[in-house]
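Visitor: Spelled out, the chains give:
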Amino acid sequence: MIPADVRSAVLRALGSVAPEADLTRLDPGRPIRDQLDIDSMDFMNFLLELDRELHVDVPEMDYARVATLDQCVAYLSARLET
Amino acid sequence: MPSLGADMRAGRLLEWLKQPGDRVTRGDIIAEVDTDKGVIEVEVFTSGVVERLLVEPGTRVPVGTPLATIREEGVPEAAPAAAGPPGVPAPPERHRASPLARRRAAELGLDLRTIAGSGPSGVVTREDVERAARAPAAPPEEAGEVDRTARMRAAIAAAVSRSKREIPHYYLATTVDLGGLMTWLADYNRNRPVAERLGPNALLLKATALALRDFPDLNAQWLEGRAVPAQGIHLGLAISLRGGGLVVATLPNTDQRPVSQLMTDVMEVVRRARTGGLRSSELSGSTVTVTQLGDRGVESVFGVIYPPQVAIVGLGRVVERPWVVGGRVVPRPVVTVTLAADHRASDGHRGGLFLFALSGLLQEPERL
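So the protein lines, in turn, are chains A and B.
With the numbering used here, letter number 74 in the first sequence gets 74, and the count goes up by one each step, no holes.
Count along the second sequence from 1, then add 82; that gives the number in the numbering used here.
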């Protein structure tokens, strides 16, 4: 899967937990949770959606590596390559 | 029109999802209504056959207004109704109410059919009548430009104003060492997939519910001048909505749910609160509310009691603090737990015992 597809999957997952958000305005370098007002329960639902879409389970120790959109796409792309 | 909380006065029927003649089972969704708390799915609480739809889509009606009639299993079919199409009110029916409530309603000129009953099997009590009399008159059809956020703000304003006007709150706080719990949680989650992981919130909620078992004076409702212990422990989870406002979702029999189930249920109800699809039964019947603001860094929160409840528990952020363990200062994760309680129903000593019990339960996470 190419990074563009991963990015689309991440945005779909975000859209499922925050459907009111304008994701076109998301700054890819800033923490997603701060920008979309996502709390810990939303974040867990976001990870569940990523798992459903991409079959990648993000372990607790890696939560900091999916904090921004760019980080999230890079991390998931790397996991999908392995 | 179901009551989804003491602050709700009316709702607008959006759409019927069942039609006359349809067979329904308890828990089926029969309609969608637009309320101050968002679009809510209305469930049926009995199994049978839909006989008549009494309210036309688009109509805003007060809480307690019958929306439809359902003929229960085994009950013979009624004679064909003389009534016309949907939207035409049903003929007057004898409403279940206590004699005192009937007399008081007559004195106040209130129609019992428009008052939601809180007594056994929905019987309208004198307190229900008094409450209805204090509430503003049946809400008028509102202009479309008044958005839901503004209406929700108004509903919250009415509820918290009533709470602060009528309930003499007292406030307590304690800081709890979560070192053992967080270590246990990390071990528990380490090799589990995301769908099976727990968050500290689930453990805090379960411990709160278990602690309430010994405090019926906190797990109660203030009705007709006295605290009435609730049947069961049903925590209400305050869920903030992005863009403003909040809803309180009920977690039925919280103390009896395995903590893994509780985690799943909380994630699901939070998701639907913020994306749509909450059911009417999920917004009523809570006995003690829990408010959590730790996700945004708040270390302690003192809530406003949600009437007719008599207590609200506040959970803050889990933070690392210097803590004395065995005579040495060490960094430990701690959380501040608060209680705001109705002094008419309990005293500070009882509240302190409750927080002490809750603190003790959090030291044994494997037992939650």
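Treat the hints as calculated values from the structure; they're not laboratory data.
Glycine included, C-beta positions come from ideal geometry on N, C-alpha and C.
Mixed in with the good hints, there may be bad ones.
Some chain B residues close to chain A (C-beta under 8 Å, calculated; not the full set) [claimed, not checked]: (1) Arg279; (2) Gly281; (3) Gly325; (4) Val348; (5) Thr357.
To give a feel for the contact side, a few chain B residues facing chain A, derived at Cβ under 8 Å [unchecked claim]: (6) Ala277; (7) Asn283; (8) Val352.
Visitor: Indicate, hint by hint, whether the structure satisfies it.
Guide: Against the structure, the hints:
| no. | hint | verdict |
| --- | --- | --- |
| 1 | Arg279 | holds (7 Å) |
| 2 | Gly281 | holds (6 Å) |
| 3 | Gly325 | holds (7 Å) |
| 4 | Val348 | holds (6 Å) |
| 5 | Thr357 | holds (5 Å) |
| 6 | Ala277 | holds (6 Å) |
| 7 | Asn283 | holds (7 Å) |
| 8 | Val352 | holds (4 Å) |
Checked against the numbered hints given earlier, the structure satisfies every one of them.
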